[in-house]
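Protein chains: 4
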Amino acid sequence: MKTIRIGLIGTGYMGKAHAIALHSAPAVFPLSANISCEMLAEINPALAAKKAAELGFKRSTGDWLELVNDANVDVVDICSPNYLHKPMALAAIAAGKHVYSEKPLALNGQDALEMTLAAERAGVKTLVGFNYAKNPASQLAKQIIANGEIGEVVHFRGTHNEDYLASPLIPMSWRLKRAYSGSGTLGDMGSHIINMAQFLVGDITQVNGDLQTVIQQRPIADSPGQFATVENEDQAHAMLRFNNGAIGTIETSRIAWGRKMGLTYEVTGTKGTIVFDQERLAELRLFIPDGNTAREGFKTILLGPEHPDYKNFCISAGHGLGYNDQKIVEVRDLIEGIANEQPLWPDFRAAYKVNLVIDAIEESNRLGQWITIIEG
Amino acid sequence: MKTIRIGLIGTGYMGKAHAIALHSAPAVFPLSANISCEMLAEINPALAAKKAAELGFKRSTGDWLELVNDANVDVVDICSPNYLHKPMALAAIAAGKHVYSEKPLALNGQDALEMTLAAERAGVKTLVGFNYAKNPASQLAKQIIANGEIGEVVHFRGTHNEDYLASPLIPMSWRLKRAYSGSGTLGDMGSHIINMAQFLVGDITQVNGDLQTVIQQRPIADSPGQFATVENEDQAHAMLRFNNGAIGTIETSRIAWGRKMGLTYEVTGTKGTIVFDQERLAELRLFIPDGNTAREGFKTILLGPEHPDYKNFCISAGHGLGYNDQKIVEVRDLIEGIANEQPLWPDFRAAYKVNLVIDAIEESNRLGQWITIIEG
Amino acid sequence: MKTIRIGLIGTGYMGKAHAIALHSAPAVFPLSANISCEMLAEINPALAAKKAAELGFKRSTGDWLELVNDANVDVVDICSPNYLHKPMALAAIAAGKHVYSEKPLALNGQDALEMTLAAERAGVKTLVGFNYAKNPASQLAKQIIANGEIGEVVHFRGTHNEDYLASPLIPMSWRLKRAYSGSGTLGDMGSHIINMAQFLVGDITQVNGDLQTVIQQRPIADSPGQFATVENEDQAHAMLRFNNGAIGTIETSRIAWGRKMGLTYEVTGTKGTIVFDQERLAELRLFIPDGNTAREGFKTILLGPEHPDYKNFCISAGHGLGYNDQKIVEVRDLIEGIANEQPLWPDFRAAYKVNLVIDAIEESNRLGQWITIIEG
Amino acid sequence: MKTIRIGLIGTGYMGKAHAIALHSAPAVFPLSANISCEMLAEINPALAAKKAAELGFKRSTGDWLELVNDANVDVVDICSPNYLHKPMALAAIAAGKHVYSEKPLALNGQDALEMTLAAERAGVKTLVGFNYAKNPASQLAKQIIANGEIGEVVHFRGTHNEDYLASPLIPMSWRLKRAYSGSGTLGDMGSHIINMAQFLVGDITQVNGDLQTVIQQRPIADSPGQFATVENEDQAHAMLRFNNGAIGTIETSRIAWGRKMGLTYEVTGTKGTIVFDQERLAELRLFIPDGNTAREGFKTILLGPEHPDYKNFCISAGHGLGYNDQKIVEVRDLIEGIANEQPLWPDFRAAYKVNLVIDAIEESNRLGQWITIIEG
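Sequence lines, in order, name chains H, V, D and U. Counting with UniProt numbering, you get residues 1 to 376 for the letters of the first sequence. Counting with UniProt numbering, you get residues 1 to 376 for the letters of the second sequence. Counting with UniProt numbering, you get residues 1 to 376 for the letters of the third sequence. Counting with UniProt numbering, you get residues 1 to 376 for the letters of the fourth sequence.
A pair holds if it fits inside one copy or across any two, identical chains being indistinguishable in the list.
Using 25 Å as the maximum straight-line C-alpha spacing, the simulated PhoX-like pairs for lysine-lysine come out as follows: (1) K58 with K2; (2) K142 with K311; (3) K271 with K142; (4) K2 with K50; (5) K86 with K177; (6) K311 with K50.
Simulated from the structure, these hints should not be mistaken for laboratory data.
Based on the provided sequences and hints, a complete structural model is requested.
See below:
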């Protein structure tokens, strides 16, 4: 069996999640290739070595370019801050490597398109870490919709709200600067719910949004009494029109007190409704009228072995899945797509469509009108 | 003690709810006046007499004008279809009667303004049946916000979704025709969530909305094979900007499968969040960070005797309130306002502001841009 | 149409609930008789007069025996402390009056049997205020079970927990003394869940329980520094065996922090399961396997017009019912039973069976073994 | 760093869960030793070899005794059917190996005691797979109780109900025969909730239970028309008395329609209440009265980095944990206990106490009276 060798760049929040998934996936799923955690890059050699030991990687480097060009790395796995996705991905593509990147793919649609076209021209595989679409509950939602079980979708309401920046005492960081992060909550969390809307309902053709920076100044860490100006939005919402005629809204906030993993959606069709809340990630609520109104109601479906991918984790229903399990499904997709030379989703093009929607929401906010999305 | 004599017009859904509340209120609340269910009008004398017996009214008539002009009627209580609110209210005002009207007040802002000015000039009391704002849970939400417990409000998301027209087999009716109902779901249910937004967050200054008629033809009742064109929207959503700087969205649908009383809201402030669902009408969820993140979470507060109006229904917490209990609170407000010559809310002016928002949402939908609301 | 004239004794918590229901019922339900709130008794004439004015009763007295023997009282409605139920009911029966009594019927089974036999011999109607069985949601549960929709019942788990005595600072009261209240939480709240078990599953034949008084001393009100000994249990649970072969447990507590109206049950059958929580009194959860395990789950059924009694309150589903609405159903039953000379449930005999179960649980606690219930 | 070499026996449901955890744990937690998946035993060499490849074990054997005696195996990990736990564990102990066994430890207390004493005499480490006690949510519950945040525990109610045998069409299996499984649902799932009760509240001193086999005959697989007699109970409940004076109940069923992972508990103390449901495994509900009754309610705490072990999985709150994550915590405990020569919990003695409680519940069922538990 072939071995696919991974080179991981970045070992923060997402880097660790990738490492756990890379080690777990082979025991969970029957894979078409072995995984080798080949090399790890961090901002200096010492940190890289330490993290490689912790996360089970064979080699390490303080220079990500060395990793990208290493002959024994097949996949470049990018878990760095957003503004570095582009140079790293372009270098990896130039070196003929497959790319597994965290989201959002780029700071804007223009950059994302450039990366997409480079990958398409080079013929390398790409996968972007919109892991919530890998949650078996959301795969089930997709399946129910695709089967026509709720009829034609007529409305979508999605949110991705968290409160990690709700306190005005939290200091300035790269995520709050346009040059490093692009948009604010729209790129960070909004990208997930946009991707989910596209996954479940299809392409978005027009948007009209409203953005707001509520906490306009934040303290500078380690500089008592000094403040910096926040450069991107704390909260945003937008109206959506989908290609298939459905309409909807999305909302995203990084200052929504109480919401910890507030990715939610409600999809209404002509024959039923699906409701989901990622804070209860292993259940899906489903309403299908069956003619007996005295016994109708939303069903709470607990994930089980009949649902997508669940049985590989556990053969008994209702035993629960966790955040890292979504990443294991994502890694499975990555390995299977590469080993069997099959399409991956969401690839760079799919992620570019997310960036396009973010750009259009920002433009609609500037112009106060609907913006039509035109794919490059 | 003075007696306030009620003349009820219309005995459908809302007429019965009013009757129940008029009979119950004196046993629930210590009132400043007695209530007399004086007279009832229906579309013909026989039906009126039958309904008067059923609903406990002393006299009846097949002519609403007779009721309006009856010397022993102090308050004209209007529970007729929407397009009749205006002529009935204007006649009542002309006769010097106080008016208690169901919502929406009028088919459009222009009519509502005319009614408002007439009432203000005549100096009669008016109250409009936005009963969800009388729910003690929503009064509690208002109190929490007014106290500053969640800080400054920064975001509001509201819905009022039901599924009573979700089946395409449900026939055409007056609610689906512009001349009789004005807007569709926006006036019928959207008016409630707009009123709630204004109640909780304050005046709305700008809106930008999207409307859609999903089921464009409906069967004509008792005419097999014949269809009529639906003239107003099945679903709508809008972005809102409030006078105090908060932003938000509302959503309303009459085709949202599974939602039976889907009035919900989430109000996010700089210091906390409130979440409410009218399908669980006697509880409110509240998140206030208290510095101990290891013990923070949304609290589910069950209504109890410390909350507004609850103890008059029951002295033990958590025993539950029902739909009709909201109407009892509303009737209490009506009687107290008249007996003590105090302001009532929501009066015709408050209801006019709801109609203004609906008109503006419709206009934003036509023009594809933000509409500023200008009060007459 | 006949008029049924009510004489109400006691105007505390339950007395007011009865008054509200007596005034509301005629507008909610088409009744077979008129209701007259004829007379009210309280512990002295002044209080009685004040309460009669507040609660809408025509006449009043400081002597309950006068009310019982008043020629214009048809039904004696007993809302006094538990130890007075027996003398009042026996006097009413002796005077040929129908009796509507609050629960528990008596301090023990012996007294309850005496009252039952007296009523049966006199041929008067009796009804006992186990109002939770009148909740349309529990009527629906009963209907589902009776239809065989969950097959044969094999297990019942019920609770009625509240926290109104959880604080040790709450002073001694009549409820905590055997001579005035009989058992503690078993009679006060346990009686409701026992009645519910009998309503839903049928007769209980054997019990085995454990009782505990956790807060053994309580302060004496208005006597700083003085304490009295609590004479009955704070918490109890018991195992049950039903006549139909099902087994189950009940649990009751008056010191269960956080529980405000914690009457809950889960009924498991050979073909499905019902789950209910009175804190969400207008919904029922139902699981019926339908062969498609990938779409199975508990359905949350919101009460609506297809369910027992709901449509008289509101014709739209999901709009919610309250605590007082249960009492309105109970009053409807009372009036219909008397007017149409039909059986009432739960009558004194049904309530006697509740007292029998309580006595048997207490005995099992003393003896440490199963006790068989023998009806007198 | 030392390497601990694991020999896994059995690759069914639990065997795979162990394998996933053994591979994932090093990336999740900083461990004090390396883990080597050294050897795997199955019922024949071919299956063993296949499973070793799938689950990432280096070597395999069709003879578990060979594994037990292999010089390169440090820990014998027993995931076989219940009746094999004893011979395998005794052989492992005799060979001086540490033992990691699935639950229940033995078919009865006598066997469990023999195993416990053998391990204690040999001085090997033991750990039994009561993984639900490793869930960070239940660790949090334990912490809250240990801190005294809910005061003294006065009541415990626990369930572990599932529906995997609810259908009478499910055929006979080893789990339903006393010689292979011992008790029925009590050992299989009841053992978990008994262990949880002991974990949270402490030693159980007296029990009194009721057991029932509802489906007494089951079809024999592959033998159409033939049935076998079920030899152990489908459902059971028991009353408990704890050493610290608290009382409680447990309930367990394998025929509880709709329950998939129905391990739940409610722990009531003199100062608050904890509620947990394993079907929502990453949240805990907590009620602590704080003097402001108008703002009190159960808090839904989502697990986050301040709670036990969570931050090793994810540094953001509310992102969710899964079933396999509990096993990762368990493996962390195993490795740390062995590497650092520290006590493990639940070891064989703790698991023996679970078996003792099961035996006592069975005896109380036979005798119809309370049974006092006496530790050997």
